[in-house]
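In our numbering, the protein residues as written are -12 to 589.
Errors might be hidden in some of the hints.
Think about it this way: if two alpha-carbon atoms lie no more than 20 Å apart in a straight line, the pair counts; the simulated PhoX-like pairs of lysine-lysine are [stated by the list, open to error]: (1) 459 x 543; (2) 353 x 323; (3) 459 x 494; (4) 324 x 339.
Keep in mind that the hints were calculated from the coordinates and are not lab data.
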Amino acid sequence: MFGTQKTPQDKGGRISLPSIEAAPELVVLSTMFEKATKNKPREVEQLFSGPGTGLTYSLSVRYMTDKEHPVWTLLEDNGREAKMLWQQDSSDCVLIDDMVHMSAKTQANMNASMTDIPAQQHPGQSGGHNGFDPSRSLTGAPSSYELGRLSQQNLPAFTGTGTAQGMQGFGVPGATSQDMPAFSPTESNSRIENPHDLPNAQPTHGPRFSGVGEEKGVRAREGNLEITQLSTLVDALVSDEVTGRLELLGDESVGEIYFLNGIAMYAHVAGILGDSAVRELITWRTGSFAFFPGEKTDVRNVHRALSETVMEGIALLDKKRHLERMGLTTDAYLVKKHRNIGDTEIRLMLSKGEEIDVNLQIDVFKTIGHKYSLNDLLRDRPMESADWIPIVFNFLTCGLIDIKPPDAVKVGALDFLGDGKAQVDVILQSMVRPETGILAYSGFLLYLQQEFFRFEAYGWPLSVVLFEMNRKKDYDSNRKGGEFQSLYDSLPPAAVQVAAKRIDMIKRPLDILGHFEMLEYAILLPNTKTASAAYIANRILQTLTVTPLATNIDKKSLKVAFGVANLPADGETVQDLLTAARAAKEKAAVANFPLIISKSLR
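Taking the hints into account, I'd like the entire structure generated from these sequences.
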């Protein structure tokens, strides 16, 4: 049917590229993107065949007046009728390349054997969006299985918005915010109300599985990273040419590496993807591991030779060990040796160290303030280990900083007042809910009001993280009062107290944790930009889920959702701030990753 369509080449017509016999490669997509950009608003079309399927595809791209990015559309023609497989607006040709190849691959797999599409869920997960892995990737293309499953449903055409959006347009929210390079998912505009109700639905987060292998969930190898170094374990898996998933449970997050015949295919940890994730994982020295044979993924983000990445990880680990021997911890202070030093002197001193972008190092050095810890640095400038370890190592070895231990006993600002301090404590305690030990809603609003006054007076940014913590319960089909019973229970007070203690270890003393309305919680982050607020929210997410909060309350049974909002990014009033945080939190509750930044919704 595509072949019968006229393809005018006049000023307002379609630009048709010569038909090809297979899915277009990245260079073709780049050409289409360039032509569409130069010839707005004309459509650029590429026809291609699906080898072994008898299908013809039409991939087109054009700019629309109401869209910032070009809109890509993939149609499939079986000789009788044409149907839209997906539509995606994006300037990321790599993403489109993944989506096109996976769409074509799905039909080839379906024609070859229907057994290539198992109805298998991720081990240990419920199949719903709330049985999440907190450290899964925040971007990534959909799998062949997901595309195939959706293409067989009688669903409307899918649309998505944003750039570099891995699963938007497929009924699965997920993307990256412009403000957060490492993590910040956004919503999808597609309208699959509950993808988990579809037959044989897989989890909407993380890689999907294909192929028929050994029984899922069977651990072939497991152990402790304190006994078995991860680099040694990875070498053994490569030598044995294994296929499966290596799961790593660390102190604060969870990571995974997928292998296919001994080749690393996919890796993620705490929002870090691909080769960077492998390098990050190599630096782990504590935690446990388990290998699940036969588990596969259709998504690939590890492209470099694994041996090279492992060697880089080992070198990174050596630097980290040296820093730790010198006393570095997340709470240790980074103390400048020279208070008044110019850029020229900094460049001269850094010339003795490892070659790293000197401008970046100067910016990081200037960020370090009085009584400034490593945790403060990573909060103000979120960086991966592969970035901050070499920089701090250079600062130390080049004589720019000293590392000082954290205060053994932190002295309160009012401790010298004696009885006066005790009276202040009584007032503060009266604002705390006794069953949870967390500031009451009214108290939280009081602090929020004061911080808003500072925002108005001095222009200091102000962020709020609104979140929920609930416990899953078994589905109850019984009706009560004409309504379905809730699928979640509130956490018991003891679990909330544990969560509050963990959050207190991450936030600054000036950050305020409080109840929000009836069953929610919020963190007030004074003088904090959106990116830093999202970093803190992600750390809280990890610390809440890495180990159980109480008996039977772990990452499988815990349902959380975080919404991040900021002034002035999301408005000019407290109402704007809370409305934006509420909207982001509600999107996070149904997203494939339970953390949404409000500004990324626009």
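Each hint, compared with the structure:
no. : hint      : verdict
1   : 459 x 543 : holds, 8 Å
2   : 353 x 323 : holds, 10 Å
3   : 459 x 494 : violated, 27 Å
4   : 324 x 339 : holds, 16 Å
Of the hints listed earlier, the one the structure fails to meet is number 3.
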